[in-house]
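Participant: Below, each chain spelled out in residue letters.
2 protein chains.
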Amino acid sequence: MKLATLKEGGRDGSLVVVSRDLTLCQPVPAVARTLQAALDDWDAAAPRLAETYAALNNGHARHARPFDPRHCHSPLPRAYQWADGSAYLNQVELVRKARGAEVPASFYTDPLMYQGGSDSFIGPRDAVVAQEAWGIDFEAEVAVVTGDVPLGATPEAAARAIRLVMLVNDVSLRNLIPAELAKGFGFFQSKPASAFSPVAVTPDELGEDWRHVKLHRPLVVTLNGRPFGRPDAGTDMSFDFGRLIAHAAKTRELEAGSIVGSGTVSNRPPGLERSSIENGGVGYCCLAELRMVETIEQGQPATPFMRHGDTVRIEMFDREGGSIFGAIESTVACASDHAEGND
Amino acid sequence: MKLATLKEGGRDGSLVVVSRDLTLCQPVPAVARTLQAALDDWDAAAPRLAETYAALNNGHARHARPFDPRHCHSPLPRAYQWADGSAYLNQVELVRKARGAEVPASFYTDPLMYQGGSDSFIGPRDAVVAQEAWGIDFEAEVAVVTGDVPLGATPEAAARAIRLVMLVNDVSLRNLIPAELAKGFGFFQSKPASAFSPVAVTPDELGEDWRHVKLHRPLVVTLNGRPFGRPDAGTDMSFDFGRLIAHAAKTRELEAGSIVGSGTVSNRPPGLERSSIENGGVGYCCLAELRMVETIEQGQPATPFMRHGDTVRIEMFDREGGSIFGAIESTVACASDHAEGND
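In order, the protein sequence lines correspond to chains A and B. With our numbering applied, the first sequence covers 280 to 622. With our numbering applied, the second sequence covers 280 to 622.
Some hints here could point you the wrong way.
A pair counts as met if it fits within one copy or between any two copies, since identical chains are not told apart.
[As the list claims (entries may be wrong)] Straight-line distance between alpha carbons at most 35 angstroms, and here's what the computed DSBU-like set of lysine-lysine pairs gives: (1) Lys286 x Lys462; (2) Lys462 x Lys529; (3) Lys376 x Lys493; (4) Lys462 x Lys376; (5) Lys286 x Lys493; (6) Lys376 x Lys529.
Hints in this document: simulated from the structure, not taken from any laboratory.
Please build the complete structure, drawing on both the sequences and the hints.
Facilitator: Encoded structure:
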């Protein structure tokens with residue numbers, strides 16, 4: 280089934296069930312007012328949400344209304360846990376290669392993961408408010424939402440705890456990263472609020488494209504309306520979501536509603552010169568990767584980071600061409616523009 | 280006023296108002312069932328909670344019942360944000376000195392802060408379940424809970440957003456830290472679930488001891504019943520809570536209920552040889568600091584990390600000797616013992 284959260288009814292918004300084709304939705308206050316409430320009591324809530332989903336798809340839902348992703352918040356407007364992995368090692372290898380450094384052997388066996396902030400996500404169509412000087416970048420990723428995961432869970436047990444799948448734009452402020460990482464405590468200011476896809480879906484909804492605990496579909500990224508990337512999220516993912524969740528749960532239990540991300544999707548191209556979409560490649564899911572390729576090829580990056588007014592769109596389509604999750608559309612704004620827009 | 284959360288009524292527990300002397304408490308379901316709910320609508324909730332607090336202290340509360348910290352969860356059993364600073368630079372200087380490294384100049388102007396996991400805290404008397412080989416340590420700190428903090432808030436505005444003050448044991452797994460930090464993404468597995476004091480208090484409750492956005496009282500730490508530390512939390516704190524919150528809010532807004540920590544409390548001793556309590560010093564708020572002093576003095580640490588069965592107690596007393604927040608008492612357990620204990 281497909282679930283979304285409308286921007287109405289308080290800080291956590293209002294849970295709706297969404298039809299498979301994303302045209303209709305229905306609030307379910309008798310089951311759960313918020314997605315977190317449904318996740319807190321998933322075994323009781325899921326069958327009842329599934330009934331509404333079936334009714335929506337059959338045209339029998341009594342309280343159906345049109346679904347408009349512009350009214351959506353992120354499925355969890357605020358969450359208790361946002362742990363983002365870095366499972367596509369091609370990207371890690373490029374970063375190091377651009378720097379002239381080696382990839383440590385442990386990176387191939389022990390997932391990279393950072394602790395993200397989760398108190399205040401932006402919605403899928405909300406502005407990214409940031410200064411251009413900070414080096415504004417997007418990172419297109421796949422993420423899962425878990426149920427309760429016990430401390431020390433195996434990857435297999437962790438995989439069974441996956442409740443929902445969604446997309447994420449893990450907004451990154453590249454120019455703040457070097458100084459922040461040099462301090463040794465990881466990301467903080469360089470990872471502002473992320474935006475998630477309007478719709479989160481249960482893994483069964485993905486059919487054969489959800490296998491080996493990975494999502495096997497191209498992640499489609501456009502920048503200001505032009506194709507920028509379409510790498511396959513199931514290809515070159517070195518650690519599946521079960522392993523990523525188990526990594527996060529090694530020394531702590533994870534509470535229901537924890538979000539675990541894949542890291543920027545990235546495919547290993549046959550050769551660097553063929554990696555961009557213009558050259559017939561699959562392109563990229565963040566500007567930094569293109570800039571690293573440019574650095575390796577030309578000695579320095581040529582593509583700038585995002586400027587105020589730039590828009591990145593992140594979406595994934597099923598085999599029939601239907602949008603699975605709806606699109607994330609993040610436009611960059613400066614604080615003063617944003618304040619004016621809010622007046 | 281003083282607030283606590285009892286372990287009853289669901290994942291977020293049940294909010295109670297606690298009398299100043301910590302002997303009585305009263306649920307306030309008509310005001311807010313949970314502390315997060317009160318923080319979400321603080322301006323409406325706070326005056327009503329204050330009425331109950333006054334009634335409790337005057338002996339006029341109709342539904343008062345005995346308060347037992349053993350039945351408490353952390354005030355926020357799960358939170359949306361847990362950002363922990365490192366505001367006592369004496370500790371940072373010792374870490375570097377033990378390594379033979381310099382402290383970067385930026386550390387004196389730009390707070391160190393890491394993004395903590397907040398989905399599943401342990402209670403103030405709950406076991407810390409971890410393997411001894413991980414190098415189990417405590418970190419006794421002060422933390423504040425904020426209201427909504429806008430993106431880019433000044434330290435002054437951030438200070439005004441402080442709603443509550445509490446203590447925290449930021450459990451740390453020292454032997455996992457070097458490999459984790461070497462990966463460059465900061466702490467994750469090395470920072471398992473933290474434990475907070477049974478009671479959170481409003482700043483006005485602290486009187487003159489809350490000034491310059493710092494808490495000026497000794498933080499009292501005992502290890503297996505023996506005095507271990509009593510440094511003053513207001514002394515040698517290089518960044519006040521306003522600056523720490525503003526640092527966290529530089530590129531993102533903080534949602535009501537965000538927790539911001541001080542980092543391990545540490546006072547600069549007149550000389551290393553006089554830093555331990557046995558030698559007339561104020562002692563330490565974590566084992567690592569003592570081990571660093573031992574390393575500087577003797578070439579290697581002599582004090583082991585915590586072993587299964589060890590208990591650390593963290594508490595703070597008002598000028599009359601009353602416990603302000605109740606005590607955190609964390610006993611270390613291995614996973615199998617803990618499972619038996621739960622049977």
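Participant: Each hint: holds or not?
Facilitator: Tested hints:
Taking the shortest alpha-carbon separations for lysine 286 and lysine 462, neither the intra-copy value of 37 angstroms nor the inter-copy value of 38 angstroms comes in at or below 35 angstroms. Taking the closest pair of Cα atoms, lysine 462 and lysine 529 come within 35 angstroms of each other both inside a single copy (25 angstroms) and across two copies (17 angstroms). In the homo-oligomer, the alpha carbons of lysine 376 and lysine 493 lie at most 35 angstroms apart inside one protomer (27 angstroms), although the nearest pairing across protomers, at 46 angstroms, exceeds that limit. When the C-alpha separation of lysine 462 and lysine 376 is checked against a cutoff of 35 angstroms, the pair qualifies both within a copy, at 22 angstroms, and between copies, at 16 angstroms.
Proximity of lysine 286 to lysine 493 under the C-alpha cut-off of 35 angstroms is restricted to the intra-copy arrangement: shortest distance 30 angstroms within a copy versus 37 angstroms between copies. For the identical chains of this complex, lysine 376 and lysine 529 are neighbours both inside a copy (30 angstroms) and across copies (31 angstroms), given an alpha-carbon limit of 35 angstroms.
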